[in-house]
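Peer 1: Using the supplied hints, reconstruct the complex from the two chains, each of which is provided in its own coordinate frame.
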Amino acid sequence: MSSTTSFDHPTNAKKFNQDQARTHWHDSALWFIREKRDRMAKSLPEWETLRECASQIKAHTISKLADYLEEFEKNAKARGATVHWAKDADEHNRIVLEILRKHEAERIVKSKSMLTEECHLNPFLEQNGIEVVDTDLGERIVQLRQEGPSHIVMPAIHLKKEDVSDTFHEHLHTEAGNCNPDYLTESARQHLRNKFMQADVGITGVNFALADTGGIVVCTNEGNADLGVSLPNVHIACMGIEKLIPSVDHLSIFLRLLARSATGQPITTYSSHFHGPREGGELHIILVDNGRSNLMNSDDYRNSLKCIRCGACMNTCPVYRRSGGHSYAATVPGPIGSILNPLRDAKHHKSLPFACTLCGSCSDVCPVQINLHEQLLTLRTEVKNQNQLPISKTMPMRITSWVFQRPKLYAWLGSVGKFFLRNLPRFMIYNALNPWGKNREMPEAPAESFRQQYAKRAKKNKPQ
Amino acid sequence: MRVALFVPCYVDQLYPRVGMATLDLLERLGCDVDFPAAQTCCGQPMLNSGCDTDAAPLAERFLEIFADYDAIVAPSGSCVSMVKNHYEHIVHGDPRYEKLRTKIFELCEFLVDVLKVDSLPGNFPYVVGLHSSCHGLRELRLASDSERNTCEFNKPQQLLQMIEGVQLAELKRQDECCGFGGTFAVAEEAVSCTMGRDRIADHLQAGTQVLTAGDMSCLMHLAGLIQRDKHPIRVMHIAEILAGYEVPQ
Ligand code: SF4
Numbered sequence: 001m002s003s004t005t006s007f008d009h010p011t012n013a014k015k016f017n018q019d020q021a022r023t024h025w026h027d028s029a030l031w032f033i034r035e036k037r038d039r040m041a042k043s044l045p046e047w048e049t050l051r052e053c054a055s056q057i058k059a060h061t062i063s064k065l066a067d068y069l070e071e072f073e074k075n076a077k078a079r080g081a082t083v084h085w086a087k088d089a090d091e092h093n094r095i096v097l098e099i100l101r102k103h104e105a106e107r108i109v110k111s112k113s114m115l116t117e118e119c120h121l122n123p124f125l126e127q128n129g130i131e132v133v134d135t136d137l138g139e140r141i142v143q144l145r146q147e148g149p150s151h152i153v154m155p156a157i158h159l160k161k162e163d164v165s166d167t168f169h170e171h172l173h174t175e176a177g178n179c180n181p182d183y184l185t186e187s188a189r190q191h192l193r194n195k196f197m198q199a200d201v202g203i204t205g206v207n208f209a210l211a212d213t214g215g216i217v218v219c220t221n222e223g224n225a226d227l228g229v230s231l232p233n234v235h236i237a238c239m240g241i242e243k244l245i246p247s248v249d250h251l252s253i254f255l256r257l258l259a260r261s262a263t264g265q266p267i268t269t270y271s272s273h274f275h276g277p278r279e280g281g282e283l284h285i286i287l288v289d290n291g292r293s294n295l296m297n298s299d300d301y302r303n304s305l306k307c308i309r310c311g312a313c314m315n316t317c318p319v320y321r322r323s324g325g326h327s328y329a330a331t332v333p334g335p336i337g338s339i340l341n342p343l344r345d346a347k348h349h350k351s352l353p354f355a356c357t358l359c360g361s362c363s364d365v366c367p368v369q370i371n372l373h374e375q376l377l378t379l380r381t382e383v384k385n386q387n388q389l390p391i392s393k394t395m396p397m398r399i400t401s402w403v404f405q406r407p408k409l410y411a412w413l414g415s416v417g418k419f420f421l422r423n424l425p426r427f428m429i430y431n432a433l434n435p436w437g438k439n440r441e442m443p444e445a446p447a448e449s450f451r452q453q454y455a456k457r458a459k460k461n462k463p464q
Numbered sequence: 001m002r003v004a005l006f007v008p009c010y011v012d013q014l015y016p017r018v019g020m021a022t023l024d025l026l027e028r029l030g031c032d033v034d035f036p037a038a039q040t041c042c043g044q045p046m047l048n049s050g051c052d053t054d055a056a057p058l059a060e061r062f063l064e065i066f067a068d069y070d071a072i073v074a075p076s077g078s079c080v081s082m083v084k085n086h087y088e089h090i091v092h093g094d095p096r097y098e099k100l101r102t103k104i105f106e107l108c109e110f111l112v113d114v115l116k117v118d119s120l121p122g123n124f125p126y127v128v129g130l131h132s133s134c135h136g137l138r139e140l141r142l143a144s145d146s147e148r149n150t151c152e153f154n155k156p157q158q159l160l161q162m163i164e165g166v167q168l169a170e171l172k173r174q175d176e177c178c179g180f181g182g183t184f185a186v187a188e189e190a191v192s193c194t195m196g197r198d199r200i201a202d203h204l205q206a207g208t209q210v211l212t213a214g215d216m217s218c219l220m221h222l223a224g225l226i227q228r229d230k231h232p233i234r235v236m237h238i239a240e241i242l243a244g245y246e247v248p249q
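Here the protein sequences line up with chains A and B, keeping their order. The first sequence begins at 1 in my numbering and counts up by one. The second sequence begins at 1 in my numbering and counts up by one.
Heads up, a few of these hints could be off.
[What the hints assert, rightly or not] Residues from chain A shown here face chain B by an in silico Cβ test under 8 Å; the list is partial:
| id | residue |
| --- | --- |
| 1 | Pro10 |
| 2 | Lys14 |
| 3 | Asp38 |
| 4 | Thr316 |
| 5 | Thr394 |
| 6 | Arg398 |
| 7 | Lys418 |
| 8 | Trp436 |
| 9 | Asn439 |
Derived from the structure by calculation, the hints contain no laboratory data. Here a beta-carbon is modelled for each residue, glycine too, at the ideal position from N, C-alpha and C.
Isolated chain B, as found in the complex (with noise of 0.2 Å):
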């Protein structure tokens, strides 16, 4: 299968590590892995802000690098959701759209319904607190959240649980939003960083060693504030813990 990695433009260039764990990740299951190199961002930022009119370039410029694979993976549920529900209102009629849209995924959602992956090489001796990222939650349908009334399924999980060792925090606030939200994390300081340290709160309550999630906006966010209150916890995306890596130090 003709896999196009999408690296999200923060994500190249403050976490290359990340992009590296879902290259080796996809690569070691099988797949024919390509980065296009012309890609940067899928527009997310100037969306979010109101500013269709300078994400519209962008989201042609990803119609154009990205239409002809196979599939597009991401190691980005917010991302995604970007490309698959939100670009509608700025590239509605482009055919090559519709199809582009049943063809990107997530990482987790690529490896637990397209590959099928139903188990995982390697040791991960650790508390792992799982953050379920918000868009990868309610938009792209990751795992059932706590407000629907629906069978219970969580994706992110089933694969952490294939890999010996991982043992999974149980969180008082299964699925509250961490208080990144973009450029709400900047405007809105204030409440982001009570949301940021509540999550936090609860992680530490749970034992939480390994913070983990699918989104590494999320994670910088909590990072961020884990390193200034010093907190004993260490943050991998994971996509890190599932290529095997090392925790870093």
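In isolation and in its complexed conformation, chain A is listed as follows (with noise of 0.2 Å):
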């Protein structure tokens, strides 16, 4: 299974639903991590409070973040920290490879960080003839299949312990057909260890940057990050600007909100602090804008900055979880993903906004209370203004908008539209024309509508 091509999401979604079984199998490992989620979030009383401070935290942090930044620039070199700015993917890209460079360096081991699959690091380092190995075991098993994460927590959550097992056999030699998960890790261990003993330079992404220390914060659950930094002597640091947090003491709010949103965890088995190189060692802090600004800008979409990449919209979503992470053809997938990304390119994932239902679950999950579905179906209004909206679902709109400002009309045209529905043999009815019937009944049309049978009665009733 490689990872989708086309770019269309309902495409890409049908052919996941093929796969009843399977669509059934992903549906449900989400959904027992949401419950999971919801008895962890329900046993703390103060819950939705910790939600409204995280959310004005971020809110605040973004409304000053030029300010912030400095702050964090100035504490961060001031403990030895080199910090740098790159205005987008190449930017960031070529900053990396330069350090690369300097320490001659060959192999990299790199703990999992969004960002640089945003800025699609692995290619560009790979084509610059550097082995990137990716140590969270999730990412290790999509690299093994040259896959993207179909998810930002769990980049391997539609993948079976037979697929991996097949994968293992494959890569790393494991025994045909065993699916035993203590074998599978161990073998994975062994593999990855000689990675971490041979690696030059370790990098990582950031959960949180606290601009009044100028330290950073790094959560995982495998301790695959704390490995990767402490064997090799350079440690690249890759950041979002938004990631930016004014204090250390708003950290434990955030960290109380993110393990329990994305995994039902108490807090993340690892949450490493690292204030300036250690000794000897050396400590680069990238900070990447690529388009962020542009939405600090924005009144409509700002509110999706605030994300602290907990992926517990995913795991809520119905679509998500019944279409998989690699149907929205994109690094970040899921609601928080359908806003990003046609932000960036409203061309290429213009299909995203309308893999939605409007439901809301994302909204009422995300622990930093993003209006997710509010902020989706302005998106959508987006699409169309940029003309990106086929004229086969502008047209009817423009054409019932009309009748429906025309009451008389609108009512015959329900009486004769009624009658077709009613008399017409079941093959003009049902066929390739209309998506309704391929799996659902239409209703059944009555004889009257409710305006008619209002005006009866009202003849009827009225006092002679």
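Peer 2: Structure follows, in structure tokens:
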């Protein structure tokens, strides 16, 4: 299974749904996590207050981001870190490569970072002759399969243990057909251990950057980030500028929300703080914009910068659960991805704001209260304004609106429509032109509309 | 109280019984109900498709037709939410709108919060499966949802429980979306139907005999699947149950 080539969500989702057993399995796996998250959220009486606080802290930080970034830079430098600024993905990748070249590094270990995925760092480094090994287990699995992650927290959630067994057999020469999770994990551990030992540089993402201390915090469940930056001498930390929070005092709120929302754990197994390089080593922090400051200037979408990438909106999204992360053909899938990707490239991702029933579950699950489903609705208008809606979608709406502005015409057309629905032979109603009828019956058309019945009744009741 | 009845276009055309049940119920509870005949559609299909400029004239008409009533009631959480929450974008600045948005109610909300109904006559000896339609649930807050940590309440359920004989089905996923989503049902037919079938499976395991909801649109989608797959579940809008209507055979 390679990652999806088509960019149209309905087509990809349809393909995913052809294997209904797998679709159900995927749905249940994610629902299991959402239920765990629900139990965790409900075990904290202050849950909604935490969400509110987190949301306000983020809103405040975004409103003064330039100041906080400067404060962060100053403090990070004072602790001996080197701070770099990248306006886009290309610049980010070039900076990484420069650092690697300076140290004549050939082998890199990288812990999970959605930012480096966003910037397509791996293929860039590989083209430049550098070996990059993802050390998060899920990431390593999809990397071996040459796929992108299908989820931002659980990159290989779309794979069953049988799939992992096949992949490991092919690449790590494990026993064919051995699906024992302990065996597979141990094999991965041995394989990764070698990579850790040989690495020249460790790259990590950043979950939170603290303006007042100049430190960064990296959260993982596997400890791979810590190992990756403890063995080699050089640590490169790549972060989007929105990862900043004002003070270490705010951190606890986010740490409590992040793991509970992501996996239903009280806290991630490792929340590692890096304040400056270790003795004799180097710490490089790359601050990446890549379109973020544009979002900052938009009243409709600024809120999406609050995202702490917990993945809860994906786990709860009924569409994501039943279409799989790859159907979004984007680094960040699901509700938040359906906002961020079209804002970067509407033409490419125009189907994503419509891959949503507007059920609102994502907005209520989001630990930083992003109004996801409302933004998705607004984005649909944006897609239309950018002329990315096909005429087959806009024309019917124009015509229907025109009819609805004429109540008599509407009532007449309603009667005609119902007449046909009642009297046309089945094949004329249920055919390829009617996607509704593929798996569903049409409603039975009544003889009279409500307004006709109402008018009759009013006449009957009228005092003579 | 002079109440305007807003009957969404597709309910008007395809489910007149739901409109009649709403009317009967409101009149029985002492409301002076009017059905302004000039009404058609609130514009939700257009706005949800991104066609805001096609929704705008319909929103304008809606304000003209309904602005002068004490209350506007509709048997549809989704259409009410369209007016209450999403007209903002298209008619902002219109002073009639600020008033109107506080006077429009979904039927169950109106019964519980405005009329403060605490008993209803009738006997409905069935296992009733209540589908919590998303817009009513998360945009109008007709009930607490499973995502947020708030006090538990459920207005439609509260009303159903007033009726003798009603036994509520216990679902595994209390408030998951049915997959209708307006044009989503057609544009994403595959996912939409998988979602609908999952909802129905939950109701089957819970022993639902009559499936109900506050939104006929979700029910239209679910009924379409139930009929195609020949499941022994009947479908009724909540207004029909509350008004004491018979189960359709
Ligand atoms: S949008 Fe909210 S729920 Fe989704 S990943 Fe970001 S923080 Fe988590």
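Peer 1: The structure should be examined with respect to each hint, and the outcome stated for every one.
Peer 2: Consistency of the hints with the structure:
1. Pro10: Hint holds; proline 10 of chain A Cβ to chain B Cβ min 5 Å, cut 8 Å.
2. Lys14: 4 Å, holds
3. Asp38: Hint holds; aspartate 38 of chain A Cβ to chain B Cβ min 6 Å, cut 8 Å.
4. Thr316: Where the cut-off is 8 Å and the nearest Cβ of chain B is about 7 Å from threonine 316 of chain A, the hint holds.
5. Thr394: Holds: closest Cβ of chain B sits about 6 Å from threonine 394 of chain A, inside 8 Å.
6. Arg398: 5 Å, holds
7. Lys418: Holds: closest Cβ of chain B sits about 7 Å from lysine 418 of chain A, inside 8 Å.
8. Trp436: It holds, given that the least Cβ distance between tryptophan 436 of chain A and chain B is near 6 Å, below 8 Å.
9. Asn439: 4 Å, holds
Figure legend: structure checked against the earlier numbered hints; every hint is met.
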